[in-house]
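Asks: These are the residues of each chain, in order.
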Amino acid sequence: MNRHLAQEIAFAVLTLMAMMVVIPVFWVIWIIVAKGSSAISWTFLTQMPHDGMTAGGILPAILGTFLLTAGTALVAIPIGIGGTIYLAEYARDTWLTRCIRLAIVNLAGIPSIVYGLFGLGLFVLFMKMGTSIMAGALTLGIMTLPVVISTAEEALRAVPTEFRTVNASLGGTRWQGIRMIVLPQALPGIITGVILGLLRAAGETAPILFTVAAFFLPVLPRSPFDQTMALPYHLYVISTQVPGMPEEIQYGTALVLLGIVLSMNVFASVIRSYYRRKRQW
Amino acid sequence: MLNNKSSAPKSISSFEFAIEAIIRVLGFSTIGFVLLIFLFLLKEGVPFFYKTDLINIFGTRWYPTFDLFGTLPLILGSVAITVVAVIMALPMGVATAVFIREIAPGWVREILKPMIETLAGIPSVVIGFFGMTVIAPMVRETLGVATGLTIFTGAVTLAYMALPTMISVAEDALDTVPKNYRDAALAMGATKWQTIRHVVLPAARSGISMAVMLGMGRAIGETMTVMMVTGNAARMPLGLDALFKPIRTMTATIAAEMGEVAGGSIHYHALFGIGIVLFVLTFFINLAAARAIFQKRRKGGLR
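From first to last, the protein sequence lines stand for chains F and P.
For the first sequence, the working numbering assigns the number 1 to the initial residue and increments by one for each residue that follows.
For the second sequence, the working numbering assigns the number 1001 to the initial residue and increments by one for each residue that follows.
Read the hints as simulated data drawn from the structure, not as lab findings.
Incorrect hints may have been included.
Covered stretches of chain F, as calculated for chain P (at least 3 residues, CB under 8 Å) [to be verified]: (1) 11 to 18; (2) 113 to 119; (3) 216 to 230.
Pairs of lysine-lysine residues, derived as DSS-like cross-links and limited to a Cα-Cα distance of at most 30 Å, are as follows [stated by the list, open to error]: (4) K1043/P / K1113/P; (5) K128/F / K1192/P; (6) K1113/P / K35/F.
This structure is a prediction, so every number in the text was calculated from the model and none was measured.
Ideal placement from N, C-alpha and C gives every residue a C-beta, glycine not left out.
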């Protein structure tokens, strides 16, 4: 066969395969928007569910997801950024550092349901927090760490070494250099990492199954030790556990969840590309 | 007075000492978390292995209400669905990576990359919901099978969930192939495709096998999607026709049953026991793939 013809055919196949990866993404989003948008109304977003969740709104689930995400941020941001600073600025290439990196890779690879078991074993039962926002936020926070650390470390490493050298030559200490120069320069990258981690936490269901989630709880949580409904778990419940659920509400819930997660995704990439263009070095 | 002068810098350094100590502790905390997770899985899961006899554990029947804890159908269920998903995802993932890195013009790349990132961002419960309401009925009608909730349906959705990871690792593998290799092949008169096929891909082979490992790790640990689209019947996936029958995975078993089980019962310990199996499996998969990730980190980022 003519080798140029072979190239034409091969490239056509590769293009087709790439389209097969991307087109379903549009398809999923399109179907959920098309079938879910009719459910979205002020009532749907701000009311309690009633009639066995087949009517009313999903306010407690939305609020629950926001509270959980905020709690996750409180756990993941200090630990994640501290860990990142250590890895990027302090750690030398020893076997211990390699252990830390291996631990991060492993945290990233542990199945989400195993995080759920861990949260149940440690926070809910052993530390006696009960199924609560607190237990869920701690579980999700630990799960989020590897995403935060790997993205933030990239941002810290991107800050040129000269900046640190200049700081030292002016008599600044290592911490002053980090605090005054490296962190401010790396901030957009760190924020991107935090958002990417949090959006993953916001969409997760398995880790909150036994640590936070309430099947049906038409009151708003009052303290970190309350249970709460959450959007991903609510979507699971109304699509598998409740017979005779109106399709509109299912798709509407999916749309709200997808909307929150994808807008965080867009926000993260906007920040990233904006600062990458603005950056002077 | 003299004292005062010398104590000023000293107070700064003790403040810094404290800060650096905290940072050091936080740096090592990730190791602590991994150990803590393993410890608590062991604490709750190990009783299963000495309270239940081995014949039962490795049996083929999982009926906790009758004290039958045969984990074999669950393990095989996870393995079957992971293998099928990776077989589907591998050609698509490698092809897409090659397309993005070697063929696509810049503007196409600018569209493809964010779409793949979007795919990575869709919550698994949303993909599960979509698989249940849209893909499963399609599978049932086109194939004329009893239910659309099958290994096949689960593997299709899992393949798409594993793709973003596989594509980005495969892309980096292609990226590490030295430019000289390509130039040399092209200078010998090879076409661009011949270069990709016979030079670039073989040189990127080890990186691509890492992509497969990571995709496997992603697929075997996925919970919500498989729970929603595979029908959750704990049966042995034997024979080719099992592909179009329901199955149940380890992850889905934990997720579906933990809510209803009495704390401290054998069933409760059994679910943690499955958790140990999952932890150990993914640990070794990631250990094997760690090399790819370390190479990746040197050039930056998991995404």
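Asks: Which numbered hints turn out to be false for this structure?
Replies: Of the numbered hints given earlier, those the structure breaks are 3, 4, 5, listed in rising order.
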